[in-house]
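Asks: Quick note: the sequence shown uses our numbering, first residue 2, plus one each step.
Treat each hint with caution, since some may be false.
Said to hold, decoys possible - In silico lysine-lysine, DSS-like type, Cα no more than 30 Å apart, as pairs:
1) Lys84 / Lys42
2) Lys42 / Lys59
3) Lys111 / Lys96
4) Lys60 / Lys167
5) Lys96 / Lys114
6) Lys16 / Lys59
7) Lys87 / Lys66
8) Lys167 / Lys236
9) Lys266 / Lys286
10) Lys173 / Lys207
11) Lys274 / Lys288
12) Lys187 / Lys117
13) Lys207 / Lys155
14) Lys117 / Lys207
15) Lys60 / Lys106
16) Lys203 / Lys169
17) Lys169 / Lys111
Hint data in this document are derived by calculation from the structure and do not stem from the laboratory.
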Amino acid sequence: MNILILENEIYLAQKISSRLIEDGNNCDFFETTSQILQKTKDYDIILLSTSLNPCDYKKIISVYKKSIIILLVSYISSETVTKPIKAGAKDYIMKPFVMDELIRKIYHYKECKNIKEEIRMLRAYVDFHFMDIDTPFIEPLHSLPLMIETNSQKCAEKLAFDLSAKMKKNLKFYDITKENWKKGLKLNNKNLYFISGFDDLKAKHKELLCQIVKKSNVILFSYEEEPVSPFKKIKITNPDTLTFNRNIMTINNYVKLMVTSFQDKYPDTELSKKLGISRKSLWEKRKKLDIEKKHKK
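Given these sequences and hints, build the entire structure.
Replies: Below you can see the structure in the form of structure tokens.
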């Protein structure tokens with residue numbers, strides 16, 4: 002980390018700097034604000050003494066808003082603590098202090114900042130991932146548990162993220178085909194749970210699961226229509242997602258599905274190559290399977 006120490010007690014500044022350099026950090030220290038305000042260097046952490054003129058340390062807080070600023074204070078007052086923190090400083094430590102306590106504060110706030118940046122990045126990714134999906138409005142208090150029947154797990158997950166935001170609850174995922182769900186499924190009202198794999202269960206296990214989650218904040222996801230589920234159902238169809246039968250398809254059915262799905266994207270020459278057949282065979286398959294050829298506009 003790049004760390005700035007702005008402290009008019011030179012011995013203290015040198016002591017702090019030596020300890021931080023031992024940990025592998027880069028440190029600069031200055032006695033006055035005029036020295037640092039002439040620089041353009043970015044700092045992760047600024048250790049700022051409030052023994053300086055109040056106008057001086059206010060300038061530092063204003064200029065380095067993106068840095069983590071920890072105040073080094075000789076006494077607590079509105080001028081030395083309250084106002085600087087309102088202006089943007091993160092915390093303070095009283096002189097004289099134990100060096101380990103200052104180091105703990107530095108790494109604590111740096112870790113918090115890293116976590117916030119990671120959360121912002123992940124939120125941006127989730128927003129981008131679900132950008133092209135529209136989901137119906139759901140009133141969370143009257144809808145859970147909820148069964149979502151859809152040809153797209155992505156649509157179901159988007160609805161789950163929307164509900165977790167409305168409910169201000171953490172979203173937890175369970176794939177009950179990969180876990181011993183009878184023992185591993187621990188529910189509480191603090192979270193919203195998204196459970197996939199429901200359609201792979203046997204009927205008696207579906208009924209058991211429904212009994213377990215009947216009073217919980219749960220979203221069950223299925224690729225199929227579920228007559229077993231006693232909960233409110235939402236059906237979402239994503240026209241851009243292919244729906245494959247879970248049983249093994251015949252070759253003719255597979256060819257028909259591929260041709261009808263992709264003939265508007267590929268010319269016959271490329272489509273036949275992808276299917277591993279000749280153009281003549283593709284023409285014969287169209288005729289035999291009654292596949293209407295779409296003409297590009």
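Asks: Please go over all the hints and tell whether each is borne out by the structure.
Replies: Tested hints:
1. Lys84 / Lys42: 25 Å, holds
2. Lys42 / Lys59: It holds: about 18 Å lies between the C-alpha atoms, which stays within 30 Å.
3. Lys111 / Lys96: 22 Å, holds
4. Lys60 / Lys167: 40 Å, violated
5. Lys96 / Lys114: 25 Å, holds
6. Lys16 / Lys59: 25 Å, holds
7. Lys87 / Lys66: With a Cα-Cα distance of about 12 Å, the restraint between Lys87 and Lys66 holds, given a limit of 30 Å.
8. Lys167 / Lys236: 20 Å, holds
9. Lys266 / Lys286: 18 Å, holds
10. Lys173 / Lys207: 20 Å, holds
11. Lys274 / Lys288: With a Cα-Cα distance of about 18 Å, the restraint between Lys274 and Lys288 holds, given a limit of 30 Å.
12. Lys187 / Lys117: 28 Å, holds
13. Lys207 / Lys155: Since the Cα atoms of Lys207 and Lys155 sit roughly 22 Å apart, the hinted pair holds (cutoff 30 Å).
14. Lys117 / Lys207: With a Cα-Cα distance of about 39 Å, the restraint between Lys117 and Lys207 is violated, given a limit of 30 Å.
15. Lys60 / Lys106: Status holds; Cα separation ~23 Å.
16. Lys203 / Lys169: With a Cα-Cα distance of about 33 Å, the restraint between Lys203 and Lys169 is violated, given a limit of 30 Å.
17. Lys169 / Lys111: It holds: about 26 Å lies between the C-alpha atoms, which stays within 30 Å.
Comparing the model with each earlier hint shows violations of hints 4, 14, 16; every other hint is respected.
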